[in-house]
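Asks: This is what each chain is made of:
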Amino acid sequence: MISKYGLRVVALGYLALLLGIPVALVFVNAFQDGIGAAWDAVTTPEAQHAFYLTFVMVIVAVPLNTVFGVLCALAIVRQRFRGRALLNTLVDLPFAVSPVVVGLALILVYGRRDGWVGEWFADQGIQIIFSTPGMILATMFVSLPFVVREVIPVLREIGTEQEQAAATLGAGGLQTFFRVTLPAIRWGVAYGVVLTTARALGEFGAVAVVSGRLSGQTETATLFVDNRVQRFDETGAYAASVVLALLALVTLLAMNIIKPKEAKA
Amino acid sequence: MGRGLGRSLVGGDVLGRGIAMAYLSVVALIPLAAVVFKAFDGGWDTFWNAISSPQATYSLRLTLIASLIVVLINAVAGTVIAWVLVRDEFPGKGIVSSLIDLPFALPTIVAGLTLLAFYGPDSPVGINLAFTKVSVVMALLFVTLPFVVRAVQPVLLELDGEMEQAAESLGAGRLTVFRRIILPNLLPAILAGGGLAFARAVGEFGSLVLITGNIPFDTQAASVFIFSQVESDNIIGAAAVSVVLLVASLLILLLFGWLSRKALRHDQ
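In order, the protein sequences belong to chains A and B. Residue numbers for the first sequence follow the working numbering, so the first one is 2 and each next one is one higher. Residue numbers for the second sequence follow the working numbering, so the first one is 73 and each next one is one higher.
Next comes chain B alone, as it looks inside the complex:
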């Protein structure tokens, strides 16, 4: 509607748009393009060899499986937390609700140290999960905690309980109400939040560094593998695995966005 704003703005429109696009290109788009170019610099075979090396394959598989587990746990835990924050009343609820976002605000390296303090070798309760695959999942759970909660919370607020009461008065049990009324209403939000959590988990780095030990063929996630390849000057290998991670993130976001919209249409 720039035209509706009058002729005086048209020049400014183009200038503002141009600055925004140039900035985005210099900071993000051109560098990302450089990664793709580098990955295929030596041709398709070099790319394929780089991503099919045993260590690369292992780290990619670990990342995808751990992220999938994290999304499933988040879908359940995030929905329960959102439910309790909206439907339940207890002292201190406001504080709990605002602390949900802490993992977004807390630097990832601090998140890793936080988990190391409680679940590491010096754990005050004697639970040492450091340098295990469980620690990979823990770290990813920590940094992705807010996604599903924050997606489900507003939908639950809108869902005012009338439908549930109607179903109950028609003789539906609580499980039926949950399965037929509540879950279908929440599903689009759960999927949307789950998709964001998945994409975040796939690329996560900082929180993994301290608690997982980064052991190849054991706890080394894909992002940590890329880091180690950059450090040991295997730039093409790092770029190739980066491309796989990029494509995986984009596919996850597209897939979950599509599923979420589909669930929304189905619901209506």
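Chain A on its own, in the form it takes in the complex:
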């Protein structure tokens, strides 16, 4: 019995010291000068623009990665073609790449001076690096594999019987997808979307490299937190962090709501 309680104390103590207490302290620090001060800190024009830009990242990257994720999972599970195993491996690559390397990689393709196609885009009047498109690309890169990874096991699980039945009854490819396949994989897609959104909201390193970090212009919420710390604006840093932490908690809640349904399906 003693060892049982011992393990419990060790596990919960480790979690409390590494995670629980430090995260709680962020909330305490954010409100140390009162709720009004915290509210003012996250409603300055710079803060508002930073959260707006983070919203733009999510609203562009998540739908694109979701469509890609479903197409890619369908190709990997339902199709037979040369390079299928390679595609399955390459999709996971973004998980193995440091965010800083992601940023550098984008500079080397889309940067005006260092990139392969950056000059061409510049001639068309499109700036990618040190601008919003580059930051969106960085967000897309780091959150790329989530939907694929969540949808693949569900597609394997449901099999092809219903799809074949639909095809036998004369349904076309698109009709079969939207009426049979998509409803069956919806919780897997939803779970992947939640994970993609969390990552898109929170990305720092990759966006930091390609943004140029102009306050009020190319600064997302995570960059704003860093900026506030560098300028010794504690309330601003902690208050913005609380907003991001609350979004993370909403993500966890969504994961917990979706996960059991996926298991039942």
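Keep in mind that the hints were calculated from the coordinates and are not lab data. Each residue gets a CB set at the ideal place from its N, CA and C atoms; glycine is no exception. There may be inaccurate statements among the hints.
[Said to hold, decoys possible] One-sided and incomplete, this derived list gives chain B residues near chain A with beta-carbon spacing under 8 Å:
1. Asp85
2. Ile91
3. Leu104
4. Val152
5. Val156
6. Val158
7. Gly278
8. Ala311
9. Val319
10. Ser321
11. Leu322
12. Leu325
13. Leu327
Fit chain B to the known structure of chain A by using the hints.
Replies: Okay, now just chain B, sitting in the frame of chain A:
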């Protein structure tokens, strides 16, 4: 089995696959290829000089050693946490279990600020670990916490205790049961989770920025070194160290995947 689905789908198959591959290439594969090309732009010597500069070597070594320590701690702590979450009963267990994933959901810069709040100069308990090598390990422990727990938990759920009871009834002590029954069953999952944690730790950046101080030859990890090289316009140096990090991550994932599968076969 696309063929089994009927002819109508074949055109759609190719189109969908083509879109997926083009997207993956534009967003991820071509940029990564550009890093490799840039690293070897000036030939092998330039590459070698870049990665063998004292600051680069130091940061790479710090990253690998810190990541290794983090994996070892995670293997033990993650297994204990998973054990307590599956086999133990206590009030609030459900909440603790869902909070395990918080480091995945929390932005890394917030993770760094979180640690700075409790273990920094203004620590309410007077423990200041900021700008030390310990802070590097702390930050990596924070962001990799869920990997081993989440890998071990489902395996423990499957392991219903029958084997353990059988071993105990045959006179095995608790340590023997753990060593001969439980550990071999958990090992594949521990290795799989450990590999993911290792790869994540090697590339981690955001959580390190605020708490480690990024001091060259002291607390500067490889990812932070790359960032500083990009900022100071040494693109080839940044690309060269990036290639080393990429190769290290891939080797770690392959090695741990192989070890995990080997442990699984051995078990069966």
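Asks: For which of the previously enumerated hints does the structure constitute a violation, in increasing order of number?
Replies: 6, 9, 13
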